[in-house]
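Letter by letter, the sequence shown follows residues 1 to 1055 of the UniProt record's numbering.
If you are wondering where the hints come from, they were derived from the structure by calculation, not from laboratory data. Here the structure is a predicted model, which means the values were calculated and not measured. Certain hints may be false.
As a list, the in silico PhoX-like pairs of lysine-lysine whose alpha-carbon atoms are at most 25 angstroms apart [unchecked claim]:
1) 799 - 745
2) 320 - 689
3) 745 - 75
4) 820 - 803
5) 820 - 243
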Amino acid sequence: MAGAKAPNQSTTNFSKSFSSRRGATLANNLPHELLVHIFETAQNTLLSSKHIFRFPLVLGAVSQYWRQVAFTAPKLWLNVDISHPRDWIALQGYVDRSKHYPIDLHLSYVETFTKDLIFFDAEATQLIAILQPHYSRCRSIKFLGTYPNPASEIEMKNILRSISNSHLPILKRFLVQLPERLNNRIRLAFRCEAPNLTSVFLRGLGLSYCRPPLNAVTELHLAVENKLIDDDDFFEILQACAKSLITLCTYDNLVQLHVPAGNHSISMPCLRHLRIFGTMHKVSELLLLISAPDLEELTIAPIILRDLATLLLEYPNHPKFPALKSLTLAPAHRDAMGRVPIYASACFPGIELLILPTYHKPFFMPWSSSMNDDAPTEPRWPRLHSLAVCDVGGKNNENVLLDLVADRQRLALGYERTWHERKTPTFCEVSPTPTMRPKMRNAAIPNMMTREPSRGDSYVLEYSSLSSKTVLVLNPYAFRVVKNRENPEKRPLSLYIVHLLGHLWPIVYERPTDDLRDHQEVGKPNGDVKILSMVVGPLSHLGVADAMEEADCQETQAFKYLSTSSTGQYQFRMANPCQSSSVAVANLLDDSEITRNLSDFKLEVFFSDGQQAAPANELPPELLVHIFEIAQNMLLPSEHLFGQFPLVLGGVSHYWRQVAFGAPMLWLNVDISHPRDLTVLRAYLDRSKGYPIDLHLTYDAKADPINADQLIGIVQPHYFHCRSIRLNSGAYPQAAPGMVTRFLKSMRDGHYPMLQSFLVEGDEMHETFESCAILNDAPNLTDVRLGGLGLSYCRPPLKAVTKLHLAVTNCVIPYTDFSKMLQSCESLITLCIYDDLVDPWPSGQPLVHIPSLRCLRIFGNMTGVSEFLLSISVPDLEELTIAPIVSGDLAMLQEDISHNTPRFPALKSLTLAPAHAFAMEQTLGPASMCFPGIGLLILPNYYSESFLLSFMTDEATPSWPGLHTLAVRDIDGRYNQDVLYEFVEERQRLGVPLGALYLDSSSIPRITRMDWLKGQLLVVEADPWRIQSGDAFYSDEQDRFVGSGGDNINISWST
1 MAGAKAPNQS
11 TTNFSKSFSS
21 RRGATLANNL
31 PHELLVHIFE
41 TAQNTLLSSK
51 HIFRFPLVLG
61 AVSQYWRQVA
71 FTAPKLWLNV
81 DISHPRDWIA
91 LQGYVDRSKH
101 YPIDLHLSYV
111 ETFTKDLIFF
121 DAEATQLIAI
131 LQPHYSRCRS
141 IKFLGTYPNP
151 ASEIEMKNIL
161 RSISNSHLPI
171 LKRFLVQLPE
181 RLNNRIRLAF
191 RCEAPNLTSV
201 FLRGLGLSYC
211 RPPLNAVTEL
221 HLAVENKLID
231 DDDFFEILQA
241 CAKSLITLCT
251 YDNLVQLHVP
261 AGNHSISMPC
271 LRHLRIFGTM
281 HKVSELLLLI
291 SAPDLEELTI
301 APIILRDLAT
311 LLLEYPNHPK
321 FPALKSLTLA
331 PAHRDAMGRV
341 PIYASACFPG
351 IELLILPTYH
361 KPFFMPWSSS
371 MNDDAPTEPR
381 WPRLHSLAVC
391 DVGGKNNENV
401 LLDLVADRQR
411 LALGYERTWH
421 ERKTPTFCEV
431 SPTPTMRPKM
441 RNAAIPNMMT
451 REPSRGDSYV
461 LEYSSLSSKT
471 VLVLNPYAFR
481 VVKNRENPEK
491 RPLSLYIVHL
501 LGHLWPIVYE
511 RPTDDLRDHQ
521 EVGKPNGDVK
531 ILSMVVGPLS
541 HLGVADAMEE
551 ADCQETQAFK
561 YLSTSSTGQY
571 QFRMANPCQS
581 SSVAVANLLD
591 DSEITRNLSD
601 FKLEVFFSDG
611 QQAAPANELP
621 PELLVHIFEI
631 AQNMLLPSEH
641 LFGQFPLVLG
651 GVSHYWRQVA
661 FGAPMLWLNV
671 DISHPRDLTV
681 LRAYLDRSKG
691 YPIDLHLTYD
701 AKADPINADQ
711 LIGIVQPHYF
721 HCRSIRLNSG
731 AYPQAAPGMV
741 TRFLKSMRDG
751 HYPMLQSFLV
761 EGDEMHETFE
771 SCAILNDAPN
781 LTDVRLGGLG
791 LSYCRPPLKA
801 VTKLHLAVTN
811 CVIPYTDFSK
821 MLQSCESLIT
831 LCIYDDLVDP
841 WPSGQPLVHI
851 PSLRCLRIFG
861 NMTGVSEFLL
871 SISVPDLEEL
881 TIAPIVSGDL
891 AMLQEDISHN
901 TPRFPALKSL
911 TLAPAHAFAM
921 EQTLGPASMC
931 FPGIGLLILP
941 NYYSESFLLS
951 FMTDEATPSW
961 PGLHTLAVRD
971 IDGRYNQDVL
981 YEFVEERQRL
991 GVPLGALYLD
1001 SSSIPRITRM
1011 DWLKGQLLVV
1021 EADPWRIQSG
1031 DAFYSDEQDR
1041 FVGSGGDNIN
1051 ISWST
């Protein structure tokens, strides 16, 4: 019996009580942490269920042990439902149990409880009083109602008004939907920022009444219930999120759009997805209103014929959205099927993916560009390579789909043989997917054919430029160069093309030859490679056959033909009617002219500087850009090549230059340090387009303050798409007043929607600076580092900041200034302070509450460690670093602990770097008293004798009884490893054994008793100190935080 009861002796008192009454179940014997994990996993399966809100209450009713576990697990209480009917006591307990974790606030009005709902102001006031202290923790707000009722509308407005006056630092999703019945002439504008709000859904009352902050929104849904919104109101909504919006969804006829779209064009550079759902009468007007050059996906569901009529009239020849690749269309009825593809293909010709939720046969008839049988037949959407349909065989006919596939194949084949005349009669379109690319020295030759030629086919290839015109006649069995009829004095271009194994390869001869065996490059490209997509068409459509027949030997440079052998193999034969001893290349175009022609043709050009085409020059631009990005990411920001990388690529070859100069993502590292070329800098910034850039400025002794204003004039227009800004005056403080401060002043105003990281460091002048508020509109700024000049001069917004570094060089800052900065950090997670940035520390000041702080790092020579720790309230602090630490740093804190409870109850990780041996002996003991609950101790350095003496305590009360992991580094480089073995054994003897030992990579191979260590605990290769210090100011100064003293490698426990 004793053996059967033994397992229950390790459970909690609640579990014991429950077992004595009903018998212990397996679930009641599970560890607390495991049971919480099981509860969280089960809750995640209920995310779409109405039971998710009551889930923790259900768990609490199973057993007393489950109740204790569930009611103390904050993550189970994050789904707060404030719908009717309400229990005030239960609601208060629910939100309190969520602690400081982000919550999801849900309010639903269903007909069952709201049909007869009567509004009571006192009830709404009581609800707001409970919720308002927790608005700052709202991760999402979802107010949803489907039943119109004046009482529910009034109540929702009251709650929304209370939210509008609250700070929402972590709010990400905001949804308000309710059929409005009252007139909402006044819009509720939120007074506080929501820097992380990225998803907004407004319908009915939400759209007519709410105006949440939209400056960071990436996804926006707008829908009406009963009343349309004004044009101006709609414009203001779009303009508020224009610089960040990626996805826009509109529903039904939400706005009249009386004003012509041309008068209110809204630039939305980030918009990628536009979805128009429901019955909207002004589809074209909306599309004309929006300027989205990078729009990739468009949905119109449903669509009728007139929806695109106005758009087609405004843009008959050039697509409104040139980057559009995906189109979703849902024709409203069968009659809309026939003409919708004609309009859609004309408005959006470049799509590659067509999505059809529903279709009928008329939609696919016709798929050519003309209804006239005599006209050329061009496939609609020639780049279309993917079609998405649903419910085939059910709602949608399978045979129609099969017919479509066959028709596309037939049209593609016919299109290869057809000329489609353009403005110039001799210009014809090539099939969009050429498989063969002939090449020629210093000239441009077209993509030839996309199918295997047959005997008797005769194709004409033509290239036109400002200086020459050449007509080439190509036949798989014979071709020759025809004279230039417009410019007889121009010598025609000479080219030999060999058809081998189904591919066309050019061979350019520059020396006398009379036999193919003399040339080793058969089947391979020869010479500088330059390819320009050209035009292909049947000979009969050009009317140049007579010119070919009239060409004599003097005008025809050469004649080549191919014939087939009895075995079916191609044989190359050569004939020269004029008995010419050589073949020369004439009428060659230089690079500049080819580049000019490209701007007209908008076709691909491939360049190579070598005598043979390099494999990298054959890679598609998309793949080459990807390779460039990978290579650039391998460079460190400190390397000189980092910012110069795209310029280096442009010097490799013409093709690489074209690809690199046209890829904005390669031009994001903008270094405006001295020396600089302002013309190059302007081009660099322009090539980045609207992509987020990293702006870096370092001033040195050679910096010239005269051109600072000119430099600011170039850079300032690009502040809005800066992802990070780094300003460093280096070791030359004389540059700061005249240069760095000018840049900082230029950042006072403006919009910084993409800015995430901001760093200003450098020595201050000994004169006093008055702090300056900058970057006033930077809602996504999360990482701020202010050192020296930055700390004394800059005051950026800190509401959304999660990581803050503060360091001084010459001048300390007032405590009141420091405390205000901390109080404004409502989302701060990591705080790093350096040296004595406040001196002296005042006494009797109110505590500074930083509830979100998790990591605190005190670096450098700070004499007020205890004073600082006693001035802050951080209930959830998990990591603390003091490097270096000296005796006396914790004296005041230890005195406070002797009379009060520990200041940081949640602290689990402690990093200490004793400045010297005596400091270690004097600080580890007090540290164990001040921070008794730590589980991880990180020692970047240690002194063996002091280390051992510090842990020699009464066996009844060992230091840090919860310590399970020790992290050390540089073992047997500067620190003794024998002491580690004895320390592991001593902890085992005291009954508080270590569970893991972290060693850096340099220590692992030096450990002589690794097998013994692994038998006692888990050995992990890790260096937590390097992670901490590597992200800090002065990280390149190895001994700044740990001291330079060595260890006595001969000391041991026995001594």
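The hints, checked one at a time:
Between the alpha carbons of residue 799 and residue 745 the distance comes to roughly 21 angstroms, so the proposed pair stays at or under 25 angstroms and holds. Distance check on the hinted pair: residue 320 and residue 689 sit about 19 angstroms apart at the alpha-carbon level, within 25 angstroms; holds. Distance check on the hinted pair: residue 745 and residue 75 sit about 44 angstroms apart at the alpha-carbon level, beyond 25 angstroms; violated. Proximity of residue 820 to residue 803 is assessed by CA-CA distance (about 16 angstroms); at most 25 angstroms being required, the pair is judged to hold.
Restraint check for residue 820 and residue 243: the C-alpha separation of about 31 angstroms exceeds 25 angstroms, so the hint is violated.
Checked against the numbered hints given earlier, the structure breaks hints 3, 5 and satisfies all the rest.
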